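Participant: So you can see what is in the structure, the chains are spelled out below.
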Amino acid sequence: MPSIISPLSPDPSVPASAMPLISPNALLYAHLKQSPPRRPSSRTPSEPRPIQLNVGSLAHCNGSSLVKIGATTIVCGVRAEILPVTEIPSFRITKAGASYTPTAPVVRDTRYQGDTEKDNKEEDEGEYSPISLYNLVVPNIELATGCSPRHPANAAPSTEAQSISQRLLSLLHTSQLVRSSDLEIIYTPPAQAEDLELGIDTDPQLKAYWTLYVDMMCISHGGSVFDAAWLALYAALKDTIIPKSWWDADLEQVLCSAEVADARKLSLRGIPVPSSFGVFVPEKRVLGQDGHQDPYWVLMDTDGFEEEACAETGCITVDAGGGKGSSLILRIEKNGGSNVGVEEMVNMVTLAERRWQQWKTVLDAALSNS
Amino acid sequence: MSDRRRLNGPAGTTSPPVFTPSTGSAISPQYRSRKPNELRKIFLQTGVVPSATGSAYLELESPPRSRSTVLNTSSTIKLSCSVHGPKPLPRTASFSPNLQLSASVKFAPFATRNRQGYVRDSTERDIGMHLENALKGVIIPDRWPKSAIDIAVTVLEGEDDQIDGDRIVGVGLVNMLAGCINVSMAALADARVDCLDLLAAGVGAIVAGPEKPLRILDPASIEHEAILASCLVGYLPSRDELVEVWTNGSSSTQGANAGISFDEMLDSAVAAARGAQTVIKEVLVEALTKTKGGTKKLSHDHMNDVEMKT
Amino acid sequence: MPSLASSLPFSPAELAYLHTSLASVPPLRPDARSLGTDFRPLRAETGVLPAVNGSAHVGFSDGREAIVGVKLEVEKTAGKKSVHGPIRTEDGVVDMDVDVDIEDQYQGGRHSAKGKQEWVTLSLTLPGLRDDDPNLAFLEEMLREPLAVASSTSTSTSTKPSEMGSTTSLQDNLVINSRWHWHIYIDVLLISPNGLASYPLPLLSMATHLALRDTRIPRLKSEGEEDPVADDDWMASTYLYPRGKASSGVVKPPVILLVVVVGENAIFDPSREELAVADGVVAVSVAAGVDDGDPCKVLAVRMIDTPARDTMKGVPQSGEAPEGVDVPGVWRPRLGGVKRSILKAVVKSVVVDGVARDVISGLDGFLNLEAGANAGSMAAV
Numbered sequence: 001m002p003s004i005i006s007p008l009s010p011d012p013s014v015p016a017s018a019m020p021l022i023s024p025n026a027l028l029y030a031h032l033k034q035s036p037p038r039r040p041s042s043r044t045p046s047e048p049r050p051i052q053l054n055v056g057s058l059a060h061c062n063g064s065s066l067v068k069i070g071a072t073t074i075v076c077g078v079r080a081e082i083l084p085v086t087e088i089p090s091f092r093i094t095k096a097g098a099s100y101t102p103t104a105p106v107v108r109d110t111r112y113q114g115d116t117e118k119d120n121k122e123e124d125e126g127e128y129s130p131i132s133l134y135n136l137v138v139p140n141i142e143l144a145t146g147c148s149p150r151h152p153a154n155a156a157p158s159t160e161a162q163s164i165s166q167r168l169l170s171l172l173h174t175s176q177l178v179r180s181s182d183l184e185i186i187y188t189p190p191a192q193a194e195d196l197e198l199g200i201d202t203d204p205q206l207k208a209y210w211t212l213y214v215d216m217m218c219i220s221h222g223g224s225v226f227d228a229a230w231l232a233l234y235a236a237l238k239d240t241i242i243p244k245s246w247w248d249a250d251l252e253q254v255l256c257s258a259e260v261a262d263a264r265k266l267s268l269r270g271i272p273v274p275s276s277f278g279v280f281v282p283e284k285r286v287l288g289q290d291g292h293q294d295p296y297w298v299l300m301d302t303d304g305f306e307e308e309a310c311a312e313t314g315c316i317t318v319d320a321g322g323g324k325g326s327s328l329i330l331r332i333e334k335n336g337g338s339n340v341g342v343e344e345m346v347n348m349v350t351l352a353e354r355r356w357q358q359w360k361t362v363l364d365a366a367l368s369n370s
Numbered sequence: 001m002s003d004r005r006r007l008n009g010p011a012g013t014t015s016p017p018v019f020t021p022s023t024g025s026a027i028s029p030q031y032r033s034r035k036p037n038e039l040r041k042i043f044l045q046t047g048v049v050p051s052a053t054g055s056a057y058l059e060l061e062s063p064p065r066s067r068s069t070v071l072n073t074s075s076t077i078k079l080s081c082s083v084h085g086p087k088p089l090p091r092t093a094s095f096s097p098n099l100q101l102s103a104s105v106k107f108a109p110f111a112t113r114n115r116q117g118y119v120r121d122s123t124e125r126d127i128g129m130h131l132e133n134a135l136k137g138v139i140i141p142d143r144w145p146k147s148a149i150d151i152a153v154t155v156l157e158g159e160d161d162q163i164d165g166d167r168i169v170g171v172g173l174v175n176m177l178a179g180c181i182n183v184s185m186a187a188l189a190d191a192r193v194d195c196l197d198l199l200a201a202g203v204g205a206i207v208a209g210p211e212k213p214l215r216i217l218d219p220a221s222i223e224h225e226a227i228l229a230s231c232l233v234g235y236l237p238s239r240d241e242l243v244e245v246w247t248n249g250s251s252s253t254q255g256a257n258a259g260i261s262f263d264e265m266l267d268s269a270v271a272a273a274r275g276a277q278t279v280i281k282e283v284l285v286e287a288l289t290k291t292k293g294g295t296k297k298l299s300h301d302h303m304n305d306v307e308m309k310t
Numbered sequence: 001m002p003s004l005a006s007s008l009p010f011s012p013a014e015l016a017y018l019h020t021s022l023a024s025v026p027p028l029r030p031d032a033r034s035l036g037t038d039f040r041p042l043r044a045e046t047g048v049l050p051a052v053n054g055s056a057h058v059g060f061s062d063g064r065e066a067i068v069g070v071k072l073e074v075e076k077t078a079g080k081k082s083v084h085g086p087i088r089t090e091d092g093v094v095d096m097d098v099d100v101d102i103e104d105q106y107q108g109g110r111h112s113a114k115g116k117q118e119w120v121t122l123s124l125t126l127p128g129l130r131d132d133d134p135n136l137a138f139l140e141e142m143l144r145e146p147l148a149v150a151s152s153t154s155t156s157t158s159t160k161p162s163e164m165g166s167t168t169s170l171q172d173n174l175v176i177n178s179r180w181h182w183h184i185y186i187d188v189l190l191i192s193p194n195g196l197a198s199y200p201l202p203l204l205s206m207a208t209h210l211a212l213r214d215t216r217i218p219r220l221k222s223e224g225e226e227d228p229v230a231d232d233d234w235m236a237s238t239y240l241y242p243r244g245k246a247s248s249g250v251v252k253p254p255v256i257l258l259v260v261v262v263g264e265n266a267i268f269d270p271s272r273e274e275l276a277v278a279d280g281v282v283a284v285s286v287a288a289g290v291d292d293g294d295p296c297k298v299l300a301v302r303m304i305d306t307p308a309r310d311t312m313k314g315v316p317q318s319g320e321a322p323e324g325v326d327v328p329g330v331w332r333p334r335l336g337g338v339k340r341s342i343l344k345a346v347v348k349s350v351v352v353d354g355v356a357r358d359v360i361s362g363l364d365g366f367l368n369l370e371a372g373a374n375a376g377s378m379a380a381v
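Chains A, B and C, in that order, give the protein sequences.
Numbered according to UniProt numbering, the first sequence spans residues 1 to 370.
Numbered according to UniProt numbering, the second sequence spans residues 1 to 310.
Numbered according to UniProt numbering, the third sequence spans residues 1 to 381.
Bound-form chain A, shown alone (with noise of 0.2 Å):
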């Protein structure tokens, strides 16, 4: 029977690119221990990859984008839903203010109704919004698509997808990209209507939300996942469109229009961007003789293989276009390990922030494209 797998070969040198498989620890020491040093694939400990990105390709979508970071291939669709307010549990209205205003929603939650003034001059729309009460937004990362060994198909969502997801739900409900007001459908009862007597007014209704679904396929895993997702995600909501709704009386239902002249897009609050990072910290038998005093290395933007070798990781999130003329953090997640410090954080920041500046070239630069 002839051999096809080498390792049976008798060849008794392994070839470089299984280095990766067998002692990954080694390799990266040995590339990182050069000076200056650099990474297996060449990039120098803080250079992240190139993005890649292209909105709008798929059809039965509202929004889509598919994002390439170096051997990571995100496609994300977004779908949009009708979620009548009757639908929701324990939904409770009552009316608020009598002028209506587009971008101010008039009828509330009563939990919700404190904030409305504050609402009226934007932002904040503090922690009972309707899109994290009524999860309006729904993002899921599909990994079990065969896109790397670990990841075989048809399995059930692992412990890193659902991870994921979770935290891509968390930044979007801290960051509040999407306005719960775009997500609104209200009815406005024509003026004759109004009988006092019968307790018919023509106040504004809410009757119903935009249910956003935001899937996202994992075509290739190489390593930052998270970054990809994120910037998947958010590539793919620009380029949503929201069909032109209204309440129809007679039909008790949401009736839409099919033409995209009366479709709006969303507007998005800032351009959060995430950037990951791992801290390498060779093991002590690789170490052997080199005699360095604890050497660890923080990587940003760590490809497939370096994140199996970093025990350490964590992720900062910068909106670097925040008007003030400073940048915001939105969110700073570290665990496992103590190697870094304060200062090399206040570092990453500023590497955050140039990749901040990255994604927003690359982002104009499809949208204008498309």
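Just so you know, the hints here were simulated from the structure itself, not pulled from any lab data.
Wrong hints could be hidden among the right ones.
[Stated by the list, open to error] From the structure, some residues in chain C lie toward chain B, with a derived Cβ separation under 8 Å:
no., residue
1, L299
2, M303
3, D310
4, L335
5, L343
[To be verified] Label pairs and their in silico Cβ distance ranges:
no., chain 1, residue 1, chain 2, residue 2, range
6, C, D131, A, T44, 51 to 57 Å
7, C, D131, A, R150, 24 to 30 Å
8, C, E226, B, P36, 33 to 39 Å
9, A, E252, C, D131, 34 to 40 Å
10, B, P36, C, A371, 47 to 53 Å
11, C, D131, A, P189, 48 to 54 Å
12, B, R239, A, R150, 54 to 60 Å
As the structure is a computational prediction, the values presented were derived from the model and not from experiment.
Where a beta carbon is used, it is the ideal one built from N, C-alpha and C, also for glycine.
The hints should help you fit chains B and C onto chain A, whose structure is shown.
Facilitator: Below, chains B and C alone, put in the same frame as chain A:
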């Protein structure tokens, strides 16, 4: 029972938007501008998933798309496929002298007009069985005893021809299976799994013509008023063998009154498969010459290295 | 693992013997059937279940049995995709939506007579097989698929005026009026000692065929666009597939024949041994011709994975043969597929040479027998 490992969205049920008729949204049926024996252009690329043993991406030429309506009627087929293996059978599996091939097809939630669930439905399982059957016919299983190979196809966009209805049926599904077979074959070749032949799939159909039924290759459902019958074959050209046949729609063997016979329909499907094969072959040869000249990817293919030494 | 391939306890020597004898001309079949087109005897009865619209019970001589029950339910027809939900008749303006227009254009305004595939639900229960087994989905689809194909191309003399169309399929016969339709539930239960090892497709298909022909639709008291009200007089009900003289253009449900190809031979109704060495397994769904003289029609053809691919190869006494060299009488797992010409020959023998017609007339025999025993049910036709 909701899926507790995914985010399920609102507690209430959401429904897809209901559109009202408007002048701009009238869907004008598109007519076939290709010749009856002309295939749609196929875009195929291998090596899209670096960490997989082999992978490929396939896309069909997209029809002209009207940007004025939100409801999109012109969709095309976009498939991504990854191959993992041959790898040792898991310890729990019983001994097998042959390569155990498993293939699966999954629609992305946004692949069809109505949102798909994450759990595989019966259409996906059915297509997966068809694909598995076709691919089992092209591999040489006793080359890899005690091994397994997994093939996963992700449907990013399906040719959804249904005006209404929840399932994707009819010729859209048949075309999708043909795409699945072609993309899987390219990925298998990219994984350097030696096969009997370069398998290719093609679809032939009988459509209602102006006077009498017409025989065409590679039907796109949106281009025809009625598709009377369709036939898919998985074909091994150098052996003139069929590893997969799936026909649907009534046809008789006598060409007399019904017009076109089963045999003729089968021959058109084979012609379509031959056409697809030339594309796959071209792409694979091109990919090979490229890797020979260029540098090696880091994680990819050391089997390839060894081959080149000899 | 496909359960079709597993649990086949044949040694390479047995497989080689079986293959050689089946490939000889004429084939030597292990159960001594003289022709490749011979079928094994079977038992069948219809109307076995009391609480359904139609049922059948079919048993093969190897101990496998299938029971099929058909239930009909009245269901509200969901509106077209564009506008659905609570649509009342007075909203006729809204009802005239785009999709209806399109469909009118396509089908010459007869869209009301077109059914949807979702109205036919077929579910299959096989003991010892998980609900989400792909084999189950594959079998279900195979049984369901030909039902949805329009099967007649002549002036069908049906009981309802709404279906005077040129082609009708099962779902088209389920239309009551523009707002209501019947939903048909076909539940198939297989009882088999071998699981999937002897592919149960012909058995299931014949049982489904008989159950559908036994199915009766209650007579409706309501007319036209009224909400349907059914007559509870069972004697007044009509058959879903009207019975009558074969020459008067009656439509019959499809039948699926399983054929294995061994060498140049096509072998029908394969037993477990014959399946195990098949070069290819083909399922052909056929519908009877509308008139006596009409040939049968092919509705669907599928190829099924043959268990002979995943078998242990035999080793000749003289030592291992080099690859690609076939030693006669030594088993090699099957590679590749079926020659194109052989597949055409299979379809030809089903349709032109009349295997399908023989099977369908055999099944007619069962019904006529029962009809003779129970003249009352014939009176309703």
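Participant: Each hint needs a verdict: does it hold in this structure or not?
Facilitator: Hints versus structure:
Satisfaction of the interface hint for L299/C is found here, the shortest Cβ-Cβ separation to chain B being roughly 5 Å, below the 8 Å cut-off. A hinted interface residue such as M303/C counts as satisfied when its beta carbon comes closer than 8 Å to some beta carbon of chain B; here the least separation is about 5 Å, so the hint holds. Contact between D310/C and chain B, as hinted, is supported at the beta carbon level, the nearest pair being about 5 Å apart and thus within 8 Å. Hint status for L335/C: holds, given a least beta-carbon distance of 6 Å to chain B, under 8 Å.
Checking L343/C against chain B by beta carbon gives a least distance of about 6 Å; that is within 8 Å, so the hint holds. For D131/C paired with T44/A, a C-beta distance near 53 Å keeps the hint of 51 to 57 Å intact. The hinted window of 24 to 30 Å between D131/C and R150/A holds, with their beta carbons roughly 28 Å apart. Checked against the hint of 33 to 39 Å, the C-beta distance between E226/C and P36/B comes to roughly 47 Å, which is inconsistent with it.
At roughly 38 Å, the beta carbons of E252/A and D131/C sit within the given window of 34 to 40 Å. Checked against the hint of 47 to 53 Å, the pair P36/B and A371/C passes, with Cβ atoms roughly 48 Å apart. D131/C and P189/A have their C-beta atoms about 49 Å apart, which keeps the hinted 48 to 54 Å range intact. Our hint of 54 to 60 Å for R239/B and R150/A is violated, since their Cβ atoms are close to 37 Å apart.
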